[in-house]
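Colleague: Line by line, the protein sequences give chains A and B.
Numbering (numbering that gives the first Met the number 0) for the first sequence: 0 to 281.
Numbering (numbering that gives the first Met the number 0) for the second sequence: 0 to 311.
Derived by calculation from the structure, the hints in this document are not laboratory data.
You can trust all of the hints, since none of them are fake.
Label-pair ranges, simulated between beta-carbon atoms: (1) K54(A) to D170(B): 48 to 56 Å; (2) E20(B) to H165(A): 22 to 30 Å; (3) A268(A) to D19(B): 52 to 60 Å; (4) Y99(A) to V232(B): 37 to 45 Å; (5) I250(B) to Y99(A): 32 to 40 Å; (6) I250(B) to D183(A): 30 to 38 Å; (7) T96(A) to A1(B): 53 to 61 Å; (8) D170(B) to Q226(A): 55 to 63 Å; (9) S97(A) to R21(B): 34 to 42 Å; (10) E223(A) to A164(B): 50 to 58 Å.
Computed far set for chain B versus chain A, every beta-carbon distance over 12 Å: (11) K40; (12) I150; (13) H152; (14) T187.
Note that CB positions come from ideal geometry on N, CA and C, so glycine has one too.
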Amino acid sequence: MDNNLKNSLSICAYNIRKDVIDAVYSASSGHPGGSLSIADVLAYLYFYKMNVDPKNPKDPDRDRFVLSKGHCAPALYGVLAEKGYFPKEDVKTFRQTSSYLQGHPDMKGVPGVDMSTGSLGQGICAANGMALAAKIDHKDYRVYSILGDGELEEGQVWEAAMFAAHYKLDNVTAFIDFNGLQIDGDITKVMNPTPIDKKFEAFGWHVIHINAHDFDEIDAAVTEAEQTKGQPTMILMHSTKGKGVSFMENNYEWHGMAPNQEQYEQAIAELDAKIKELEACK
Amino acid sequence: MAKVATRESYGNALAEYGADERVIVLDADLSKSTKTATFKKKYPERFFNMGIAEANMISTAAGLATCGKIVFASSFAMFAAGRAFEQIRNSVGYPKLNVKIGATHAGISVGEDGATHQCLEDIGLMRTIPGMVILNPADDTEAKLCVKAAIDHVGPVYLRFGRLAVEDIYDESYQFEIGKGNELAPGTDVSLIATGLMVGEALKARKILEEEGIKARVINIATIKPIDEEIIVKASKETGAIVTAEEHNIIGGLGSAVAEVLCEKAPCHMARIGSRDVFGRSGKPAELLRMYEMDAQAIAEKAREVYQLKNN
Chain A
0 MDNNLKNSLS ICAYNIRKDV IDAVYSASSG HPGGSLSIAD VLAYLYFYKM NVDPKNPKDP
60 DRDRFVLSKG HCAPALYGVL AEKGYFPKED VKTFRQTSSY LQGHPDMKGV PGVDMSTGSL
120 GQGICAANGM ALAAKIDHKD YRVYSILGDG ELEEGQVWEA AMFAAHYKLD NVTAFIDFNG
180 LQIDGDITKV MNPTPIDKKF EAFGWHVIHI NAHDFDEIDA AVTEAEQTKG QPTMILMHST
240 KGKGVSFMEN NYEWHGMAPN QEQYEQAIAE LDAKIKELEA CK
Chain B
0 MAKVATRESY GNALAEYGAD ERVIVLDADL SKSTKTATFK KKYPERFFNM GIAEANMIST
60 AAGLATCGKI VFASSFAMFA AGRAFEQIRN SVGYPKLNVK IGATHAGISV GEDGATHQCL
120 EDIGLMRTIP GMVILNPADD TEAKLCVKAA IDHVGPVYLR FGRLAVEDIY DESYQFEIGK
180 GNELAPGTDV SLIATGLMVG EALKARKILE EEGIKARVIN IATIKPIDEE IIVKASKETG
240 AIVTAEEHNI IGGLGSAVAE VLCEKAPCHM ARIGSRDVFG RSGKPAELLR MYEMDAQAIA
300 EKAREVYQLK NN
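Build out the structure end to end from the sequences listed, making use of the hints.
Modeller: Next comes the structure, spelled out in structure tokens:
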């Protein structure tokens, strides 16, 4: 990828991270850790890859995105706001009684949200349903979905894995946010879902390992997925939970905790510094 | 009179009304039993076997529906409403998607398969989901019209069908409308409000009562939600005694729905026929319906009781 493009996507990802911190801080609740870890791939999908238009969010031919790990709604709202689906300042109304930005994504209330999610294991199935609809209608849109690594403990994910391979849904590109942590701690200690790659391969998926925070690797994997015919692709993104905020990185306690004022100010200062650094490289 | 199981009607109606290109049918390895195989034979390109994976079936149906499809997701009531309840609630009900749950083999008349397959809780489960329409037809004609109505209705619908063949109640002139009950026979002494297979039993009960000089009104409630309050309130005011009859737990089903209407709008003496908060067992359908007191004889007995209470 072109360096200028990578730089602008990176700035976008850090702005999404600021939205995440703003949202969770304003709400005094929410899930910052896993939202910060998927900011790069969301920036890549919405600002580079996907055929979507904020002015026509229901276009039947658009690419679809389903956040199967729906608790990371702050990141989805962040990228949708950055893209212009709704005003950026609305992000601060996240989880408020009067707001349309529900704690988990609501497709009926939020422009740009393609599926209501939040109950783990269901989003990937809905993504497969959208992909099957494309096959039935001979349309060439693609469907993207992000799952959590802890989410793989839901049996329904494996029903979906079987289904997508059985019906050769090569228009599905799924990502696993492999940050290794879930609410109760290390995923291998809570209920070990590894080896994730071998499991999906055994289910008939094409599997690619990448660094979740490297745009060249994201782009190469998504391109490889597009070129893979006859089977769905799973991109196993090795990520850092809490990415971009020093004290949240690799700490499972930030899975579902909001920062206090001091922590909020520090987080925003760190993210601003990073954006300034990236802008200087332009 | 012809006897047809409403699951047969379901398969036939899907094939008949499935010409609409938007209609997609999913089944969880039970297409020969749920009769969606009839649709599959006619429109194989719009039928998908989902394997024995009901949770995935419902959530996939939701995804298809977001793309403009009218999706029928079929399995036995136990595994559709029971196993996949939370998928129906969160992936279909909450986003109000156009998914129709075609649930067959409901009730104790499943027979020999026994308690694990005799779903007596589905109406209660579905009734608590906001916006869910629940249709429980009484015969072949009504079952087909319910499928047609479900296709025309935009939003989630739960359709409940039986395994056991039931006698015809309606002819071709019958017009079905979601939310409207149907008075099948007049009466002023007591009202028998039934749904599904129990409608035929209520009509038989009416004959038993007639011989004793008790004039029973028979009302078919095929739409359990939204329920026809008007016909229930009218029955209460005009007959003063009501017996509900359903192949379902007396908790949460038609009896509960009617009691809710009566308590708030027009209280009268009432009694409920249904499974009395117990699980079923293996056996011949007719023997089980007798054993668990869900037949014409049981309805007639309860009708006598409420009729006497009214007159005391």
